[in-house]
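Novice: Fit chain H to the supplied structure of chain P, relying on the hints for placement.
Chains as they are written, first to last, in my numbering: chain P, 147 to 414; chain H, 147 to 414.
The hints are simulated quantities; they were obtained by calculation from the structure and are not laboratory data. There's no promise every hint is true.
Simulated crosslink set (DSS-like; lysine-lysine; CA at most 27 Å straight-line) [said to hold, decoys possible]:
(1) H:K168 to P:K238
(2) H:K238 to P:K238
(3) H:K238 to P:K168
(4) P:K169 to H:K238
(5) P:K168 to H:K168
(6) P:K234 to H:K168
(7) H:K160 to H:K238
(8) P:K234 to P:K172
(9) P:K238 to H:K169
The following residues of chain H were derived to be distant from chain P, with all beta-carbon distances above 12 Å [to be verified]:
(10) S155
(11) V159
(12) D297
(13) Q360
(14) A380
Bear in mind that the values here come from a model prediction, so they are computed numbers and not experimental data. We put the beta carbon where it would ideally sit given N, CA and C, even for glycine.
Number of protein chains: 2
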Amino acid sequence: MRREITGFSNPTVKLLRSLRDKKHRKRERRFLAEGLRLLTDARESGRTPEMLVMASGREEHPLLTSLIETVERAGGEVVETTPDILSKITGKDNPQAVAGVFAEFDTALSTIDRSAAPIWLVAQALRDPGNLGTMLRTGDAVGAGGLILIDECADPFSVEAVRASMGAVFTQSIAQATWSEFLPWLRGPDGRSEGQLVAASLRDAVPYRGAPYQAPCFLLVGNESRGLPEEYEAACDLRVTMPMKGRADSLNAAIAGAVLAYEVLASL
Amino acid sequence: MRREITGFSNPTVKLLRSLRDKKHRKRERRFLAEGLRLLTDARESGRTPEMLVMASGREEHPLLTSLIETVERAGGEVVETTPDILSKITGKDNPQAVAGVFAEFDTALSTIDRSAAPIWLVAQALRDPGNLGTMLRTGDAVGAGGLILIDECADPFSVEAVRASMGAVFTQSIAQATWSEFLPWLRGPDGRSEGQLVAASLRDAVPYRGAPYQAPCFLLVGNESRGLPEEYEAACDLRVTMPMKGRADSLNAAIAGAVLAYEVLASL
Chain P
147 MRREITGFSN PTVKLLRSLR DKKHRKRERR FLAEGLRLLT DARESGRTPE
197 MLVMASGREE HPLLTSLIET VERAGGEVVE TTPDILSKIT GKDNPQAVAG
247 VFAEFDTALS TIDRSAAPIW LVAQALRDPG NLGTMLRTGD AVGAGGLILI
297 DECADPFSVE AVRASMGAVF TQSIAQATWS EFLPWLRGPD GRSEGQLVAA
347 SLRDAVPYRG APYQAPCFLL VGNESRGLPE EYEAACDLRV TMPMKGRADS
397 LNAAIAGAVL AYEVLASL
Chain H
147 MRREITGFSN PTVKLLRSLR DKKHRKRERR FLAEGLRLLT DARESGRTPE
197 MLVMASGREE HPLLTSLIET VERAGGEVVE TTPDILSKIT GKDNPQAVAG
247 VFAEFDTALS TIDRSAAPIW LVAQALRDPG NLGTMLRTGD AVGAGGLILI
297 DECADPFSVE AVRASMGAVF TQSIAQATWS EFLPWLRGPD GRSEGQLVAA
347 SLRDAVPYRG APYQAPCFLL VGNESRGLPE EYEAACDLRV TMPMKGRADS
397 LNAAIAGAVL AYEVLASL
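Chain P extracted, bound-state conformation (with noise of 0.2 Å):
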């Protein structure tokens, strides 16, 4: 279905526009996606935009056809509506942004299937909402699984955390929970559930280079200033250090979860 909206009051404009927002976000199940190769990741991905928004007249563009051409398939509505009222939305001014907007994906500790990867990550209490789509687009390109977000962390369907996952947010598997919902989940009915967790830490650790890693192998990474909590670390099932020369004791958490997860790859 297409659809021209030409007034800033439109319902739809005020929709779109509070999907910026993490409570309407979060009460819509609703967010947002901009840009043309971002919405192709998705498509290609098989997450389609319930809605696409564009300026009436936009250049064309052969993928920007085919997004149409799905989004309508699908039952979608293609929404054209004046350079203004785009640059509202998208809080950028460029004739030529594509937003699109996809229910929110179900981030259930069970939509996740273990055996599917040699490598997840896992954050706790990550705050920084482009640390956590640079985990996500790490996690895609060392073939991990997705990324578990522990406790209360950044809103993986944030504006900043889909712009830079650089697409991975379509990829990777997402889920949320708290630290007692993950670890009995993570060791199994009967505690012996396959599956090694891993933190960098300065406690009891091993040199992360030559550790021995064991697929699947979840990495944990904490919270930007305070890290993990010693709990969590003394529930590994192996702690890592990396060196640190200078004179900072830490590493920014998606650099830490990087570094290790391409550790990882080199050595299962």
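Specialist: Chain H in isolation, oriented as in the chain P frame:
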């Protein structure tokens, strides 16, 4: 010297607020760093702020006392102000905040002593100040000498970069140059200076693990969306490639630099 400021229109308040803006920062050749920990890192690295700003009646803290002594001994100014004015300066609603004003460092290539460290990070047209600060932080962790910024990069003295560097802006050397200045400097007057230029690349590259790295090793990463210009890659001594197992063909720039830097650290 101690001073108390109670008016929003005070010229010092205006100056401090203006330092959040690149144009003013460049004109004043000053920058702002916030937080007691960051300022203490600066002090311990021999960088003393010209001015220290805090709320009148702020809680005492031994690190703050040391900082105040250092600033006063160096002939700097200690400014006390109201919590309201302080939050206008720092952009945060934290009456415990402490901010310091520093003179920008000399970022000429000639300040770099390549023999001082085995690893140097080099970023080309890096646009994101968070990525830039994260690279400084990673450089500190791997024992790099510093970060060389090629062509038009984000400002290393922006509040975001300083914050993301977690103090490494004070410990890592920082240089800014164009490519046509950098390459002759690297090769030296007779074209035979020590220094291996390494790029993460997809063209004519060898696997990054086990590649023949040599100190001093200059690790070059490119712009977030365009990567490195082809001629820059061609000028490198070594091109290395990292596994990309997913849909995407690149990593976040700071991530690529970190994975590479840790590999070089392990192999040198």
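Novice: All hints, please: hold or fail.
Specialist: Each hint, compared with the structure:
Note on K168 of chain H and K238 of chain P: the hinted pairing holds, with a Cα-Cα distance of about 21 Å set against a maximum of 27 Å. Annotation: proposed proximity of K238 of chain H to K238 of chain P holds, straight-line Cα distance about 25 Å (limit 27 Å). A threshold of 27 Å between alpha carbons decides the hint, and for K238 of chain H with K168 of chain P the separation of about 21 Å falls inside it, so the pair holds. Between K169 of chain P and K238 of chain H the CA atoms are separated by roughly 22 Å; this keeps the pair inside 27 Å, and the hint holds.
Using a Cα cut-off of 27 Å, the hinted pair K168 of chain P and K168 of chain H is violated, with the two alpha carbons roughly 30 Å apart. Pair hint K234 of chain P plus K168 of chain H holds up; C-alpha atoms about 26 Å apart against a cutoff of 27 Å. In summary, the hint linking K160 of chain H to K238 of chain H is supported, as the alpha carbons are separated by about 16 Å, within the 27 Å threshold. Restraint check for K234 of chain P and K172 of chain P: the C-alpha separation of about 21 Å stays at or below 27 Å, so the hint holds.
Taken as a hint, the K238 of chain P and K169 of chain H pair is honoured in the structure, with Cα atoms around 22 Å apart against an allowance of 27 Å. Every beta carbon of chain P lies more than 12 Å from that of S155 of chain H, the smallest distance being close to 32 Å; the non-interface claim holds. Residue-level check passed: V159 of chain H sits 29 Å from the nearest beta carbon of chain P, beyond 12 Å. The Cβ of D297 of chain H sits about 22 Å from the closest Cβ of chain P, beyond the 12 Å cut-off, so the non-interface label holds.
Its beta-carbon lying about 18 Å from the closest one in chain P, Q360 of chain H satisfies the requirement of being farther than 12 Å from that chain. The non-interface label for A380 of chain H is consistent with chain P: the shortest C-beta to C-beta separation is roughly 24 Å, beyond 12 Å.
Consistency note: the structure conflicts with earlier hint 5 alone.
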